[in-house]
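Below, each chain spelled out in residue letters.
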Amino acid sequence: MRGPGFALYSSEELAVETHGVRVRLGGRTPLTGLDLAVPAGAAYALVGAEGAGKTTALRTVLGLVRPDAGTVQVLGEPLPQGGPAVRAQAGYVADRTPAGLLALRVGELLRHHAAYFPTWDGAYAERCLHRLGLSAGVRLRDLSAGRRTLAHLAAALAHRPALLVWDEPAAALDPVARAQAFDLLVEHVSETNVTLLLATDAVYEAGRLVDHVGVLHGGRLRAQLPVDDLRERLRVYRFEAPEPWPGAALPAGAVVARRAAGRERRWTIWGDEPAVRQGLERAGAVVRDVGTLGLDEAALALLAGAEER
Amino acid sequence: MRGAHGRAAPPPLARVFAAQFVLLAATRRWVPLAAALALGGLLAAVLPALPGVRFRWDDGVHPARGMAVLLAYPPVLLASMLWGSLVWRGERPRSRDAHRVLPVDQGTHELLRVAAGAAWLLPGVAALVLFLAAASGAEGRGLLLPWLAIVYLTGSLTGYLLTSALALRVRRPLAWLALGLAVWAAAVAALQRGGFARASALLAGVFQGRAGLWAALGGGFDVTGAGGTPRLAGDPGRWALAMLLWLASSLLLVAAAATPRRERRAPGSTHPRRWRALPDQALPPLRGRRGPPSP
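Here the protein sequences come in this chain order: A and B.
Just so you know, my numbering puts 28 at position 28 of the first sequence, and the rest follows in order with no gaps.
Just so you know, my numbering puts 17 at position 17 of the second sequence, and the rest follows in order with no gaps.
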């Protein structure tokens, strides 16, 4: 069952568009029917628990994984045919550095990338290194995992990509590195029209960056929508209901999470507040309180709802 | 900025090849290769000079110092096969995202890495051959240098390509190679014991036949010659045929191993059909067909 927020954009407005993507890797099926829609210029966070298929989704978008079924179109190019053209306009920050590259110096890593991107901006690469507190002469193996991630971020940004894909942006970064990275990213976003696609299981970390969110569970999206919509339309309703209570006439799937303590219930419900309130009250419930959710709470609620379903 | 670079194109392949060549140096992967080649050179140069060391092939026709340059060949061959694996060290087939995410057709990109590896290997082997020729002195030069140059270069290239083909597809190419040889030997022995002499001979011929791998890699050098004297094969043409056959086969194997990663462009699809470039400095409005939620 599809969650809230699908079909908001037409294809022309989408930087990334996938339909029914299924990926089988070994004996697992990390993606079971991914319908991803990332608007151009958006900062989109793909959230989900470990094993939800986030990394596979990002790798599929870049042509690193071939779907067994479904279609993928990125920056207007169909994959896999358009893979090189897509990656020429994309920057990718992986969550780890392959062992084979650890002997590289930071400067060598950047020069290696520069050879592949005619749009490489050497001055900007140096600026990124400076902003991130990195030295070109240090070897990657002598850096912490977080500092290595920053080096990859500089390499991914310096050719001014149209699409930046970052797997687990908060995973290896300490608080200082995270602040440096996110500050640089915010500045980069403000100067360019880059589309950000992040995958994270720590929504609160990326909350200041993103304006769209997709909730991934079991290899498919349970919801994807603008963060503003999420904040506006997903609310926690605390109400009392008579016993026995047959339930309220709410649209199917609108109730994302249910909790009860005695006669008091706390339901997380998707919808316009007046309509939801009216629906509850018509069924005899007395609404005590309606609360808003932070991005991380909302994402968690949607994830919990997906697990319940 | 998107407007500044328009539709960024993938880089020219020559530039990618150069980048891969430089990467193999920057990641210090050449060090074990250089060490193995140096070891081969050392063996060939030092062993004959040691007091009391006498080679069985010192028959007065092929002087020991001249023939001892052959001592370097097995280490060079092993180093070449090891190099096929080292070129991909730390980048297993399933975790080559850092390589594959660069804007080149992934199959072609893998071939270019293999080519860059060959571009490191062949000059290294050529330098060793020159060193051996110099070390062997005038007595070995006339007989061995042209033959050595061809055998060392083609043999090492074939060994490198065979391991490379495996390295493109499996995590431990040398282990798979050893396993393959073990299975082959067991199969030959089993067929022989089972009374299938013809099938056994056919299978054995893949490696040991007149056009087998050993004939190709061995360069016509026969250590089991009469009186233990090594000699060049009587039929250089046959050796050349075996070498060409295996060199071509190993090239085909490498190409086949890279084929699954090809990203073929659909005919006529040169530019995006629906993507609209956005103007600089203007974040796109996130407007859309805001329909009712579909929970």
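Hints are supplied without guarantee of correctness; some may be wrong.
Unchecked claim - To list a few chain A residues with every Cβ distance to chain B over 12 Å, as calculated:
no.	residue
1	50
2	62
3	79
4	120
5	178
6	246
7	296
To be verified - Derived list of chain A stretches under chain B, where covered just means 3 residues or more per stretch with a C-beta under 8 Å from a C-beta of chain B:
no.	segment
8	103-111
9	140-147
Treat the hints as calculated values from the structure; they're not laboratory data.
C-beta: ideal position from N, C-alpha, C; glycine also.
Going through the hints against the structure:
1. 50: holds, 18 Å
2. 62: violated, 6 Å
3. 79: For residue 79 (chain A), whose nearest Cβ neighbour in chain B is about 8 Å away, the distance does not exceed 12 Å, so it is violated.
4. 120: The claim is violated: residue 120 (chain A) sits with its nearest Cβ about 10 Å from chain B, within 12 Å.
5. 178: holds, 22 Å
6. 246: Non-interface label on residue 246 (chain A) holds, nearest chain B Cβ at 20 Å vs cutoff 12 Å.
7. 296: holds, 21 Å
8. 103-111: holds (count 5)
9. 140-147: violated (count 0)
The structure fails hints 2, 3, 4, 9 (numbered hints given earlier, in ascending order).
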